[in-house]
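Engineer: Now for the letters of each chain:
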Amino acid sequence: MHDISAGQIFVSAVLANNFVLAMFLGLCPFLGVSGRLNTAAPMGAATTFVMLVASLCAYGLNWLVVHFDLEFLRLISYIVVIASAVQLVEMVMKKYSPALFRALGIYLPLITTNCAVLGVALFQTAREYSFIQSLTFAAGAGAGFTLALVLMAGLRERLNLARVPNVVQGTALSLMLAGLLSLAFMGFAGLGAGE
Amino acid sequence: MELPGQTQLSHMEEFMEGIWKQNPVFVMVLGMCPVLAVSVSAVNSLSMGIATTFVLVCSTLLVSLIRKLVPKEVRIATYIVIIATFVTVVDYLIQAISLAVYEALGAFIQLIVVNCIILGRAEAHASKNPPLRTVVNALGMGLGFTLGLFALGSVREILGAGKLFGLSLFGPDFQPWVVMVLPPGGFFVLGAWLLLFNWLKNSKVEGALVKPLEGHHHA
Chain A
1 MHDISAGQIF VSAVLANNFV LAMFLGLCPF LGVSGRLNTA APMGAATTFV MLVASLCAYG
61 LNWLVVHFDL EFLRLISYIV VIASAVQLVE MVMKKYSPAL FRALGIYLPL ITTNCAVLGV
121 ALFQTAREYS FIQSLTFAAG AGAGFTLALV LMAGLRERLN LARVPNVVQG TALSLMLAGL
181 LSLAFMGFAG LGAGE
Chain B
1 MELPGQTQLS HMEEFMEGIW KQNPVFVMVL GMCPVLAVSV SAVNSLSMGI ATTFVLVCST
61 LLVSLIRKLV PKEVRIATYI VIIATFVTVV DYLIQAISLA VYEALGAFIQ LIVVNCIILG
121 RAEAHASKNP PLRTVVNALG MGLGFTLGLF ALGSVREILG AGKLFGLSLF GPDFQPWVVM
181 VLPPGGFFVL GAWLLLFNWL KNSKVEGALV KPLEGHHHA
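Just so you know, the protein sequences line up as chains A and B, in that order. Residue 180 in the working numbering sits at position 180 of the first sequence, and the numbers go up by one each step. Residue 83 in the working numbering sits at position 83 of the second sequence, and the numbers go up by one each step.
Chain B on its own, in the form it takes in the complex (with noise of 0.2 Å):
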């Protein structure tokens, strides 16, 4: 990954680069499917989020360990089965942890297999660096996985159910825009999300093209 006169990244840099830079929800649009089927509620979208968080760590890691042993051939192969092997932990412990919440998630704790941030992360950065860095670097992909499961989801919660954390937020009279907690609901509020990170963008290149052109003017 370093090229020659590249400058290596710090540690914070790598953390944070997951986390805003490179936010695998908002810029990467990776990982759609489990984001968008278990973020109906803030509580689902956080168990998701530590969930994934955990497998992204703990293979990585491993990957990074073993990145000198395995053939260039079967590395996808083998990185997969790392995977699987950590999903089927995570699904055990979610199982002995709360049962409420391995019903709510169902298939989608198994469906982490195919998450592409996993074996992209596995693939991208951890086969070509070492374990620390690895691990700095996943533990922010993670955090900013969750993160926009989280924004996603009390998005949803508030507008579909009028409710944060199953705490109700507008009284009795609310009526919930059921829709939101639905399967479009859940397209809407990604594009919704994509759209003002965009329009954000915009601005600031747009400022950045005008002011130079006002000191111009004034010279």
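For reference, chain A alone in the conformation it holds in the complex (with noise of 0.2 Å):
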């Protein structure tokens, strides 16, 4: 996997490979947070931030863990740092934005449990990225993630002012949407790097 330019490798995350429509990670914030235009952007910019912060401790940890011939662990020391990172992003967030930060109450702590970002640390291992390769990867990731969520946003709130029967209101109309999304995307196959 050394062969493939950063550039392929970003344009893949964010449109063909997108994170939340062609790999399903991510999908509690996406599902969740996608209500309102004004917090989706937050929310990804966040997202993005903890995922390049992952990506790097996680490019670390993998040479400590096979360094020292401790594979087993890989996967604990990964969700610790990523725990860690999420609480930084939170405190940075509260003293400098309170008001964002009650926007996007329960869903900021629950980042931890995106699996996009534990998926940003999980696949740049196993595709055996570079340094500068993981760290591509993990912005493509992120911005692909926001762009997703900003894109549901937006139709969500045309959707508010629609005249919608009450059977397919809630998350039966989000998961279509999504569908529809997500079918779009499908049109990027083959962009960039492939699998």
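These are computed hints drawn from the structure, not numbers from a lab. Quantities reported herein were computed from a predicted structural model and do not represent experimental measurements. Quick reminder that beta carbons are idealized off the backbone N, C-alpha and C, glycines included. Hints are supplied without guarantee of correctness; some may be wrong.
To be clear about the criterion: a stretch of chain B counts as covered by chain A if any three or more of its residues have a C-beta under 8 Å from a C-beta of chain A, and this derived list gives those stretches [said to hold, decoys possible]:
#	segment
1	81–93
2	107–117
Calculated cross-link-like contacts (lysine-lysine; reagent style DSSO-like; alpha-carbon spacing at most 27 Å) [stated by the list, open to error]:
#	chain 1	residue 1	chain 2	residue 2
3	B	21	B	201
4	B	72	A	94
5	B	72	A	95
Got two chains here, each in a separate frame; can you build the complex from them with the hints?
Structural biologist: Given below as structure tokens:
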């Protein structure tokens, strides 16, 4: 996996293999926070930041566990590092933007259990990305996550104004919308680096 | 969890909770990432369901056993480390049992760590209940999760590949509905299932509303 350029990895992670719409990672915040545009974008930014930190740490940790022959500790060390990174973001956000902190509510600490973040760390390890490749992959994954979140929030804001039958309201409708978005993103298949 | 005056659920009710009333997939809509990603075939769904149930039962049991020893401030971190330990065990187990399944599920086995159902159960149930009750509840939840996964996986395999458990159902002339095994199909099938349950619930509520009115009219 060393012959893939950073640009290819980035494009692939944003569009062709979008984390949310093609790989089903990070669906909880995707369905939970995508109700309004002004919370969707900061949520995307916070998640992207955590992804970058997690990717950076995971690269170092992976080197450590391989070096000391402790591969069975890989998963545990990853999750602990991610949890600490989320705690950091939470503290910074609480200090500098309390309003946003309240708006994101429970979904902020839940970034820890966002599979997209752990997914970044696990996939970059499994694909043996180099340092630069790992960082671009994390940036691409974050950008893709934010893109999906913002698109979905835009759609749902519009949908609030529409008359929708009672039966479809709620999660069922969000899932159908996500399906249509995912269908649209299938058009990017083959762009950038494949699996 | 127990409020004064609230009757405690029997073990049977505790078990059924996860299967029907609080089904993790269809009612709580939790842990959707593995559900949608893995449910391309019935076999994958079942293996994922069993793996998740194993982690769920083991980690909630342990959490319940040590629930009085863990300080409140570090409980979430403790739970996550416990869950990650059992996921590592499952990861190696599956690798030893079937390499084919391991490759089909890929990173999603390790991603069981961040399945919200497990942490949710540890926090909402296991940290407040004795071990036996917790295990019963976790078994029900795990079974409910597996059923949900299977409902999704079988529909997607039947429509998307014309097969169930790898056996061809409709003969050689069947044109598979390929989109069903692709990512959008996961969203569509789960959406359709939720739609069905919503519709059933709505018609039940309407039925309950209509009946007393009719009685009144006749009187």
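Engineer: Against each hint, give a clear statement of whether it holds in the structure.
Structural biologist: Here is how each hint holds up against the structure:
1. 81–93: holds (count 7)
2. 107–117: holds (count 7)
3. B/21 - B/201: Distance of about 12 Å is within 27 Å: holds.
4. B/72 - A/94: Status holds; Cα separation ~21 Å.
5. B/72 - A/95: holds (23 Å)
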